[in-house]
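Trainee: Residues per chain, in single letters:
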Amino acid sequence: MVGLGRSRAVAFVAPALVLIGVFLVFPAFWTLYIGVTNYRLTGAAAKAPEVVGLDNYRGVLSDPAFYRSLWLTLIYVLVSAAVGQNVLGFGLAWALRGARRAIRRLIESLVLLAWVLPSSVVAFLWIAMLDRDAGTVNMLLGQSPGTAWLVQYPMTALVVFNIWRGTAFSMMLYSAALSSVPPSHLETARVVGSSTMQTLRDVVLPHIRRHALTNTLLITLWTFNDFTPFLLTAGGPDHRSEVAPVYIYNTAIVGGDMGYSGAVSLVVLLINLLLALVYLRAARAGRSS
Amino acid sequence: MKTSFWRGRTATALAALAMVAGTAGCLGKTDSADTDRNADAKSFTLTIAENSISGGKNAVGADWISKWIIPHFIAEEKAKGKTAHVTFQPSGAADEDYKAKVALDLKTGSGADIYGIDGIWLGEFADAGYIKPLSDEVGQKAVDSWDGWAQIPKAVQGNFAYNDKRYGVPEGTDGRVIFFNKKLFAQAGLPDDWQPKGWDDILAAGQALKAKVPGVTPIQLNAGTAMGEATTAQGILPLLAGDGRELYADGKWQGNTQAVRDVLGFYQKIYRGGLGDPVLQQDAKGRDKSFAEFAGGKIGMLFESDYFWRGVVDPTEGIAKMPDRDSTVGYALIPAVRPGAGIRNQDFVSMSGGSGWVVNPATKYPQQTWELLRFMNSQQATIASLNGTARITQRQDVNSQVLTSDPMLSFVAEKVLPITAFRPGFAVYPQVSQALQQATLDVVVGKSPADAAATYQHTIEPLVGGAAKVDSN
Chain A
1 MVGLGRSRAV AFVAPALVLI GVFLVFPAFW TLYIGVTNYR LTGAAAKAPE
51 VVGLDNYRGV LSDPAFYRSL WLTLIYVLVS AAVGQNVLGF GLAWALRGAR
101 RAIRRLIESL VLLAWVLPSS VVAFLWIAML DRDAGTVNML LGQSPGTAWL
151 VQYPMTALVV FNIWRGTAFS MMLYSAALSS VPPSHLETAR VVGSSTMQTL
201 RDVVLPHIRR HALTNTLLIT LWTFNDFTPF LLTAGGPDHR SEVAPVYIYN
251 TAIVGGDMGY SGAVSLVVLL INLLLALVYL RAARAGRSS
Chain B
1 MKTSFWRGRT ATALAALAMV AGTAGCLGKT DSADTDRNAD AKSFTLTIAE
51 NSISGGKNAV GADWISKWII PHFIAEEKAK GKTAHVTFQP SGAADEDYKA
101 KVALDLKTGS GADIYGIDGI WLGEFADAGY IKPLSDEVGQ KAVDSWDGWA
151 QIPKAVQGNF AYNDKRYGVP EGTDGRVIFF NKKLFAQAGL PDDWQPKGWD
201 DILAAGQALK AKVPGVTPIQ LNAGTAMGEA TTAQGILPLL AGDGRELYAD
251 GKWQGNTQAV RDVLGFYQKI YRGGLGDPVL QQDAKGRDKS FAEFAGGKIG
301 MLFESDYFWR GVVDPTEGIA KMPDRDSTVG YALIPAVRPG AGIRNQDFVS
351 MSGGSGWVVN PATKYPQQTW ELLRFMNSQQ ATIASLNGTA RITQRQDVNS
401 QVLTSDPMLS FVAEKVLPIT AFRPGFAVYP QVSQALQQAT LDVVVGKSPA
451 DAAATYQHTI EPLVGGAAKV DSN
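Each protein sequence line maps, in turn, to chains A and B. All residue numbers for the first sequence refer to the UniProt record's numbering, where the first residue is 1 and numbers rise by one. All residue numbers for the second sequence refer to the UniProt record's numbering, where the first residue is 1 and numbers rise by one.
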């Protein structure tokens, strides 16, 4: 027998397993359990919830509001994270590669600032900026009466907001990734006269493919679960920006329907797992090739 | 090795399942308590929480608690040889958010000892076991022996009673009226003492404002879900009462009835007819913005409770101060559709509610909490709570002194309270209310009143116990 031996190995991983059990496995099962009850935040069903079987799950799967929230989440994730943050982050990293140190530092700091500020502060700033009557944007456009951006274009506003907010992570990750591209390869490409596009495709991309996958996986997962939209629009107006996490919150806390929202949460959890699996597969495939 | 690996994993899963099974009975709450626990403590700590904050929402109330109640109560206890530590937990949030916070506090058996809540939440909190009848919390004898009850009118006490049991002490009551800007009305050729006799008069005044005072939103009638309960209490329910119907009567809720369609039709005339601002109704901060716009002379008339007068446009304490409030802001009774068409054949209607105080059943010091609550509702404290302003308090001995000093409040006490109605105090009410808010939102964004009313009925049927409980004539 090589290594610690079974009992010591178990003792070694036990604390980690307990933590995972208490903070991950247990809440997941708890959600599953709440999801089969008619548990409510207030009222008689808060005192003595009854098991209603799979009614909630059946309800969720035939609920247009649930599919609307999924659709909005899909748009939010795809446009703001998978495309927006990815492309802008890479673009910034690529453009700043050769820039002067001072300029590079300045732009990096500004982009980072958007990322490190607390959500509540940032949300407040954006609400002030996009306000119909006294907002900065309307003032710059010289509009009066202005456009109520968060009411008239809630999803567009959220997407732009999230690109602004989250690009820093992609930029830093790609900056690091680009430094792993051997300069000699870039030099060779330049000498043989390849265009920027060709260089990116044939020299840079193969080197940073795994970074790109990791980055996309991470930002997709956390954008999928991002709750900041609630701070900007609270899912409104008329549910037009109610992405999945906001839908769950509004169902559970505002609507008081804990049981139903438990069922929604579990379905969303499964979708998350599925997403993670797809990306892990892709990452593994990328590594072996 | 592979088998043992799987065995380990199975064991983990089983352990997790056991954990779930072990706690599965814990959804919901059961508890029993001794009402005299810690009654003799020499030193105790109490916390008061309310949706008020110094310099912000309901600032008068927040300052009253932290600057008057707490020091005076501590001094009074000190005289008895007891050390009291009392803290105030302020909030300045939207009512719905504050309600969720209180529900979560009470649900986990933690939080403040005394909560200020809206009377309309009483039913659902009581059904959930989050609050208990005062007699269970502090003892029947202690509750009944308080002399303050004699000063609180039965109707106001009813606001904090559920199933004929007292659950808390009301803080007073209010009434809904139409506030209007006299300056804008003058520009539109409307009188200073404007009093509409029917819904058509309201629309006609709106048209006059629209035609003669450009850049002004003629009518602010709360609509939509973002406004929350303010939509129901200030808009739908007074209108419904004006059409001769109460939301709940004779064991049935109003469903897709003519009255509901009429009310939604009135919303349609305002919001699809250019008399109101549909975008503002959907703004997450719409209600506060409507206050600011009224104070800034951008809204002609606004449906609100007297809270607007004393808490919003008050020249010194309001959240949207109007230095010239007394000369600029007029108020009128909310008319029925046409004279005599309201509930009880009234010409005018209103809606009342009110907030108050409840005791957290999880308090460590029930007797001291009750003592503090009595102190907060004493004549002396109630007078101090006004701080020179006026409000319809719970105590008759205070009202008789202060209301005469404020013409608006005496208007409410004399003209509005006699014709008012209260919301149905059922646990399910807030859900019905949300469905009504959604119906107005549907109309604001362009659905027909008939479609919105049909959707509304469809939503509430399962909530209130089936089609038999819904009136759809």
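These are computed hints drawn from the structure, not numbers from a lab. Computed from a predicted model, the values in this text were never measured in an experiment. Check before you lean on any hint, since a few could be wrong.
[As the list claims (entries may be wrong)] For lysine-lysine, the following BS3-like pairs were computed, each having C-alpha atoms within a straight-line distance of at most 25 Å: (1) K47/A with K182/B; (2) K212/B with K47/A; (3) K298/B with K47/A; (4) K182/B with K212/B.
[Stated by the list, open to error] Distance ranges between label pairs, derived from CB positions: (5) P145/A with P323/B: 46 to 56 Å; (6) M197/A with G92/B: 32 to 42 Å; (7) D288/B with P206/A: 53 to 63 Å; (8) A48/A with D288/B: 33 to 43 Å; (9) G92/B with L269/A: 29 to 39 Å; (10) S144/A with H85/B: 24 to 34 Å; (11) S144/A with G56/B: 21 to 31 Å.
Think of the CB as a built atom: it goes at the ideal place given N, C-alpha and C, for glycine as much as any other residue.
Trainee: Run every hint past the structure and note whether it holds.
Mentor: Against the structure, the hints:
For the given pair, K47/A sits about 51 Å from K182/B by alpha-carbon distance, which is inconsistent with the 25 Å threshold. For the given pair, K212/B sits about 57 Å from K47/A by alpha-carbon distance, which is inconsistent with the 25 Å threshold. For the hint linking K298/B to K47/A, the alpha-carbon distance of about 47 Å lies beyond 25 Å, and the restraint is violated. Distance check on the hinted pair: K182/B and K212/B sit about 14 Å apart at the alpha-carbon level, within 25 Å; holds.
Roughly 25 Å separates the CB atoms of P145/A and P323/B, a value that falls outside the hinted 46 to 56 Å. Under the hint 32 to 42 Å, the C-beta atoms of M197/A and G92/B, about 54 Å apart, miss the expected range. Taking the beta carbon of each, D288/B and P206/A are about 55 Å apart, inside 53 to 63 Å as hinted. Range check, A48/A to D288/B: about 38 Å between beta-carbon atoms, so the 33 to 43 Å window is met.
In this structure the hint that G92/B and L269/A lie 29 to 39 Å apart at CB holds, the actual value being about 34 Å. The supplied range of 24 to 34 Å is broken by S144/A and H85/B, whose beta-carbon atoms lie about 53 Å from each other. Distance hint check: the CB atoms of S144/A and G56/B are about 28 Å apart, consistent with the given range 21 to 31 Å.
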